[in-house]
Amino acid sequence: PTEQPPVPELPQFLFAVHFRPPHSKWRSGAMELPSGNRLNPPSSSVSSRRRRQRFLSEGGRVDRISALPDDLLLQVLCRLRCARTAALTSAVARPWRGLWRHLTELSFREIAPDALEAALGLVARPAISLLEIDIPEEHRGEIDPARVSALLRTAARLAPTALVFTACGNCSVAPIEVPVFHRATSIKLEVHNLCLTPPAHGLEFPVLERLSVGGGYAFDTDEFIQRCPRLRVLEVGNRCRLHKIKVHSTTIEELVVSDDCWANGIDIMAPALKQLKLSIRMDSQFSVSFSAPMVENLWWDFSCPSQNVGDDGWRMLHLSLWKKESVNTLRLTIDAGPLHLIRRGHAFGPVVSNLLGICTFIQKLKVDINEFTCTGVCPPNCPCEQPQNWRSQTISLWQLLKKLK
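First residue of the sequence shown? That's 138 in my numbering, and the numbers climb one at a time after it.
Calculated cross-link-like contacts (lysine-lysine; reagent style PhoX-like; alpha-carbon spacing at most 25 angstroms):
#, residue 1, residue 2
1, K411, K501
2, K460, K411
3, K381, K325
4, K381, K414
5, K501, K414
Keep in mind that the hints were calculated from the coordinates and are not lab data.
Kindly produce the complete structure, drawing on both the sequences and the hints.
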């Protein structure tokens, strides 16, 4: 009988937690990620020309898979889309031992932080195309700013062209400096309850085109944008807490602020901006400055929990503004606050009249009036009737008349 090669020692990070292989699709030799992007198989620097010996299985049959060149074996491992699963193949036969360390796309999921640091230290390539790190939420107690900083520095040393980093901390406002990723064109950082700052000493992300940040504290959009001279897409979401959304950029073409991020103002000056989506909770000192002459698709959704917009009787609750097929549409939700509009029969005519007088460019107008039973009337000199001559005012909506004709 032929002596079988010994089972190699497996990396310790394989046993940190139970793994769940991800679901991915492969078409025409390329991987289709959940995001819709496609990754081509790697071109490995591991030699694929060496002659392999004939490996025998337990039944005495030739192990033809293990006899394949390293480049082909790496393509097999790449399709697993999981570093732990790829490393488990080290137990199959000697040719697989440590082969995962040469992959150009590495995804680490469901791995404890200590084991993750050890696994990253085993990667043999000086540069990779994709690095994905997802630390389980059950390890939140082990995630502090120092640990996240160390992991990001290690990730930067691997020089990925695309980085996805997900971690959840314990409400720390201590700053975490994001190191320079000099080859990265895409970075996604989901850092719940943590505070990110750009690289020190004015260092830049020289080729970064897409940046996505979620869940962070006091994220400064302006500071990061100034460090990204080629940035085209900026996404901020997952209830990220912002001071002010300041975007002064000649390169940004798409801006998305979603999931009800808190902000105290908007300051946008982006001549190349074409796509804009904002979903914001307005702080008490909210202000807006906006200039984007090339915008094509526009969607604003503002909620006002503090109800600080309005006069003594009327308060704004919600405002939506969107642009579709070159038509701007505005939807405004107003609350009468202490006036109890419905119960006491207050008038909303003056407010509507004032808005129509401002928006004289309206091309389409739809008015929905719900039928409610009023149980009272306004007291004398009620603020809702101001100005008192609103019933006799004339409003000219020339654009609307053109559409009607």
